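S.K.: Starting from the structure of chain A, add chains B and C where the hints point.
Each chain, written out:
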Amino acid sequence: MLHIYCPYCEEMREEEEFSYSGEAHIVRPKDPKSLTDDEWGDYLFFRTNPRGLHHEMWHHSAGCRRYFNVTRDTSTYRIYETYKIGEKPIVTGEKS
Amino acid sequence: MTNRLDQCNRMAEGGRIDRSQPLTFTWNGKDYQGYQGDTLASAMLANGIKVVGRSFKYARPRGILGHGAEEANALMQLGEGKETIPNPRATQIELFAGLTAKATNGWPSVDFDLMHWLGKLGGKMMPVGFYYKTFMWPEKMWMTYEKFIRKAAGFGHASAHPDPDIYDKLNQHCDVMVVGAGPAGLAAALEAGRSGKRVIIADEQNEFGGSLLATKESINGQSAITWVEQVTAELAAMDNVQCLSRTCVFGYFDHNFLAALERRTDHQGMTATSGSRQRIHRIRAHKVVLATGAIERPLVFANNDLPGVMLSSSVATYINRYGVVPGNRCVVMTTNDSGYQTALDINGAGRTVVAIVDTRQQPSGRLFEAAQAAGITIKTGHAVIEARGSNQVSNALIAPIDASGENVTGETVTVSCDLIAVAGGWSPVVHLTCHTGSRPKWDETIAGFVPGDSDQDQYLAGAITGEYTTLGALQAGAKMGALVTASETSTSYACEDESVCPPQALYLVPHTKSVSRAPKQFVDFQNDVTAAGIALANREGFESIEHVKRYTALGFGTDQGKTGNINGMAITAKNLGKTIAETGTTIFRPAYTPVTFGALGGRDIGELLDPARHTAMHVWHQQHGAEFENVGQWKRPWYYPKGNETMQEAVNRECLAVRNSVGMLDASTLGKIDIQGPDAREFLNRVYTNAWSKLAPGKCRYGLMLKEDGMVFDDGVTACIDDNHFLMTTTSGGAAGVLSWLELWLQTEWPELEVYLTSVTDHWATCSFSGPNARNLLAKLCDDIDLSAEAFKFMDWRNATVAGVKARIFRISFTGELAFEVNVPANKGLYMWQQIMAAGEEFGITPYGTESMHVLRAEKGYIIVGQDTDGSLTPQDCGMDWIVAKNKDFSFLGQRSFSRPDTSREDRKHLVGLKPKDPTVVIPEGAQIVPHAEVTIPMPMLGHVTSSYWSACLGHGIALGTVKSGNHRMGETVYCPLADGRVLAAEICSPVFYDPQGERHHD
Amino acid sequence: MVDPMTKYSGFSLFKHALKHHEDWQKTWRSPRPKKSYDVIIVGGGGHGLATAYYLAKEHGITNVAVLEKGYLGGGNTARNTTIVRSNYLWDESSKLYDHALDLWYGLSQELNYNVMFSSRGVLNLGHNLQDMRDIERRVNANRLNGIDAAVLNTQEVKEIVPIINDSADIRYPILGASWQKTGGVARHDAVAWGFARGADQLGVDLIQQCEVTDIVVEQGAVTGVQTNQGFIGAKKVGCVTAGNSGVVAAMADIRLPVESHPLQALVSEPIKPIIDTVVMSNAVHAYVSQSDKGDLVIGAGIDAYNGYGQRGSMHIIEHTLSAICELFPMFSRVRMNRTWGGIVDTCPDACPIISKTSVNGLYFNCGWGTGGFKATPGSGHVFAHTVAHDDPHPLAAPFSIDRFNTGHLIDEHGAAGVAH
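Residue numbers (our numbering), protein chains in the order written: chain A, 4 to 99; chain B, 80 to 1082; chain C, 211 to 630.
Everything labelled a hint here was simulated from the structure, so no lab data went into it. Just so you know, these numbers come straight off a predicted model, no measurement behind them. Be careful, since some hints might not be right.
Below, simulated SDA-like cross-link-like pairs (lysine to any residue); rule was C-alpha separation at most 20 Å, straight line [unchecked claim]:
no., chain 1, residue 1, chain 2, residue 2
1, C, Lys482, B, Tyr224
2, A, Lys36, B, Lys520
3, B, Lys520, C, Gly280
4, B, Lys136, C, Asp502
5, B, Lys203, C, Lys229
6, C, Lys279, B, Thr665
7, B, Lys161, C, Ile484
8, B, Lys967, B, Trp824
9, C, Lys236, B, Tyr210
10, B, Lys136, C, Gly280
11, C, Lys482, B, Ser188
In silico negatives: residues of chain B with every beta carbon more than 12 Å from chain C [what the hints assert, rightly or not]:
no., residue
12, Gln112
13, Ser238
14, Glu286
15, Arg325
16, Gly427
17, Lys458
18, Ser566
19, Ala597
Listed next, the stretches of chain B that the computed footprint assigns to chain A, with coverage defined by at least 3 CB atoms under 8 Å from CB atoms of chain A [unchecked claim]:
no., region
20, 327-340
21, 815-827
For glycine and all other residues, C-beta sits at the position ideal for the given N, C-alpha and C.
Only chain A is shown next, with the shape it has when bound in the complex:
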């Protein structure tokens, strides 16, 4: 039962206010026509689906209706950060 901080509302809100929207940072190719079928298929359907840190998109659908990003551990369900669209995650699991 997740408790999610909406970076736009700047409040912790209940999971039931939000809709999940899949992996974050999947950028639509600038020129889809130049892509091979495999590249286009990869963009459409293929996901990293990690066990562990996951950058994902949520929609505050019963709130401010803004999409935003969440860094969450898919194993423990701990949320490390939420950040606005266009921002970069701080928690990446990579050693700095």
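M.R.: Then chains B and C, alone, in the frame of chain A:
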């Protein structure tokens, strides 16, 4: 039948019951008496009732084992008729006047069960896992075998009627959630409450105090009960503290979310006289203090399931809390000091303690000496290796055992007794900590599992950590209460000497015979899991504790192994030559104790299951006899039968009215999204397949929306209000999804576009009227704009005044007729509808519903997304290549997918028209289409019928369907084989059946 | 192939009863892993064990190891609601599931292990007009594919399930149902154990507590796997690790079109038998059957977020029980005993992947989403063929991973429903 026994086991005084308030209750058809403050279990024991149920597999007689949530045997059928509840434990049912309960198993009676004899005879043939090894021949017979197996299934029965009660929920937030109101929980809540933090403390029992309710100890020099009363009063007086008794926290979910079930009226009667019977508290807590205590373990010995074998702590609780001594001649078997206190309590209650049988070789210390001083016989280094009796304990077999606890070392003596109190050590109640994925750790010093590391902001106090002294619990509670409120200091407490002699870790008591040959030694009472069963499972290679659980059903009961799990794990560990830490534990899942379905459903049943959306004109539709169809959450008029009309007759009449004069549809349910901003056009270019750059204000255009996979996702007409302002309509069911979809792109991929989206579906009511008289009708109500075909063209929209109301009029058509959609603010919707109906009277205006709308649009070959499409059709498949722009700058959503190998195939399924060869036939929707009339199974299929109707104006059936290569097969005949054996022939044709040139709507 | 000494039967039970059940043989061996195998199956769930069984039985490949990181059958095999049916919409999937259904019949005899497959019938309810159109379409397609299916009206549904709420005045009245009489339920654990015992008897090594940590690929071909018990060589590796497919695929640098989600289920306390069939409703989101022990077995919805925690959020359970109380008002006073979660690999088209990969000798069988249990024998059967021949079984061919690039998806969202 009245058979009012005296309460033969009731003490003259003591306990927390009110002897001035006798309560009559009925057990298995006989009347008995108990007192206010009793549980059903304590009242049954007071009346000398021994056999309370029959076991699942062997139908053995079973008695009350415990006094709370751990009870494995005393499952009741509580109440009767529509009020009945299957399986509550007698130990958790508070007695009320007129309570009736029955045993859940046993035929002809619980005292004499014929199944027991079958169990005795067949038991040898029914070892663990026997199901898997037999009942296989012949194959067909399994269903018959299973019928008999199912006869033995289940404990109680569900009511045959709907529930007379309601349930509700409360969302709660707090700084500190304290689970459990024993010494640790109360001390924690007190500390946190005094700090001013918002605190909720919940306990499953009827009153706070936990173990202190059944102790003779003192706290700070006064009786423990006095302390409990003072603390409870202080907490109750704090505005920042919420005290929830009769409230079991049954689930611990991620991010400190707890679910608790409050039994609001169950102590008063079977149903609530007003309000809800039970309430679920959904609690989000900053910090959680778990003070859930510990449960005593029984020991595993031969026939340890006989009624009269009880947990030692339960015996003490019945004496001290309920004034009931559940036996006359008692043997206490113990592996630790707990049993001594029970023996002293029994002795103090004036009943005989035949012996304390201590498995330890050399116990000593405070309680040992007290028992000696009381003159109680103590047999050290001994164990009760077997209980004997028919329906209840009559003898105990006692034998010396060695220090390892594995072997009987001498002669067995038999003593006469009617109660064996068993103290096998304690198991911390770690259940809630497991719910969020934490694994418990084995603690050798306390011989129990304690909570493992957790990702939750969770604190532990008292017996849950293996701290079993009252003082230790109080201090831990105070410390945690201070910690969660960031206080520097915490209250200190003083108790009497609670020193104990170390316990022995003993689980399976040895017998003179081997485990497989000794009388049954039960581990899990509810599922009849024995030590021999576990040994067999281990022998057969089921070594993982999860395998043992699944193969033997250990811990699968309604008590979820509260008394049996640790013993089962220990026995497995020993069989495999491993430690318990290596063997590990199964994972406890919610719920800690069972939770009423109705309570979890809450108020979201009946009409509140899902919100029903009504348009502004709904009342009118109801008053005019409309039948309604569920479309998403909307209630839409389906058709308006007149008199005794059938649906088909009504639809024929409605369709013909539209074709011949005028009819009106409530189109308010269509999704409406207001799109504004300088980049609105570009935005539409990207999300729709067609071009929007040149659509002028005052004009409308149909658009098709695709997902990125190129498949049709939604459609609708969008109007250009002005250069920076558009109004999009969507399908009724798809509106919410479309808005989220548009927002997704706008916010994530195209933040450079300045566009604002607002859902205005509910803001506008839409009266859509169609037919040759539509303009004549509108003219009666609207005179401030030029309505002529030249001035107000098809696919135009205008601001105008209709019946005195400012309106937007769209000249668009989903019927193929001349049509206008009058949009007004929703609060004017009903008025507008009535005005148009009144004005249309002279034209015979006919309201029509979704069914006629479907017929009319199908006659024109217009698709309905979700009916004619299913997420597997591209615009080209739908014959709508005309709406796909080829040269837009931006590669619109889905465009790239057209050129994938599969989507560019020529032999894809195409949406086509189908004209039945027999003009009187309407092909059923969902019929599959095949190339031949001869049915051979299996048979390749070409596609299916998506829409099919009787066309009243054409006088024959029409259909739309998908057909493989359909666009290239015009004129071919295909067939629809039906379940009833008919094979209907149809000709593939254009989907436009009516007015193919579109002259009528252009009129 | 079954050694008469180890054959299970009523007679063997009797014989062992005389010996106090002290001489029962091991259900399977616990061998140490060999240095290498012809085929390694990663994942000892129902599908993996069935694959190993059929590799040995049908293809004579017995130098096989099944590597299981936990215990056999401990993943989704142990956590589902055990529904078996084959009434899917599209030819490709309905044929695959019907192949599995054929194998369910006679499976207990084939394995000499009673998997308690109980053909008590499956109802899929329709609650609105489009549901009923979809049901007609699916049933007609099933019928022409030779799959048992019928459309029932409300009255006929009521006759099969007398306790169902057939009122027309409820929020989403039951308008009818599809009915697959040959579908049913099975004893989930027994399926894994039966295949395990069968495979073991044919010489397959079942290695538990053996976690694969890497898939070793040299020059585009698989050579073995690294495990917590060391390197184990293999000419072919078949991965059948539902719930963890993405994690395992990443070991070979392969991405899958798969997301792993929690899927929850629950059981009531055991009550006297009251419902004989399986009732499923996509529109109202409830699935229920009753086990031979008396538990109402209820499937809940899928949690929207990715999750490997084998647990989900509470509101999913609450919604499910609202729906159950709506469909069966008399269950309202029954109590939930236990709820749990599995991890389901979901594909964009709600159909599985049974496929070769870009790595030679590496195969994946995954993406079964919410519906894998019913396919267990069929999945193992066609995957074994695919691995043995390095060429997809004809029934498996449409389920190649390539379909996500060509666009040939098989969209079963409608027929797959949510939890079952």
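S.K.: Hint by hint, note whether the structure agrees.
M.R.: Against the structure, the hints:
no.: 1; hint: C:Lys482 with B:Tyr224; result: holds (17 Å)
no.: 2; hint: A:Lys36 with B:Lys520; result: violated (57 Å)
no.: 3; hint: B:Lys520 with C:Gly280; result: holds (18 Å)
no.: 4; hint: B:Lys136 with C:Asp502; result: holds (12 Å)
no.: 5; hint: B:Lys203 with C:Lys229; result: holds (10 Å)
no.: 6; hint: C:Lys279 with B:Thr665; result: holds (16 Å)
no.: 7; hint: B:Lys161 with C:Ile484; result: holds (15 Å)
no.: 8; hint: B:Lys967 with B:Trp824; result: holds (18 Å)
no.: 9; hint: C:Lys236 with B:Tyr210; result: holds (17 Å)
no.: 10; hint: B:Lys136 with C:Gly280; result: violated (30 Å)
no.: 11; hint: C:Lys482 with B:Ser188; result: holds (17 Å)
no.: 12; hint: Gln112; result: holds (27 Å)
no.: 13; hint: Ser238; result: violated (5 Å)
no.: 14; hint: Glu286; result: holds (23 Å)
no.: 15; hint: Arg325; result: holds (16 Å)
no.: 16; hint: Gly427; result: holds (38 Å)
no.: 17; hint: Lys458; result: holds (30 Å)
no.: 18; hint: Ser566; result: holds (32 Å)
no.: 19; hint: Ala597; result: violated (10 Å)
no.: 20; hint: 327-340; result: holds (count 5)
no.: 21; hint: 815-827; result: holds (count 5)
Comparing the model with each earlier hint shows violations of hints 2, 10, 13 and 19; every other hint is respected.
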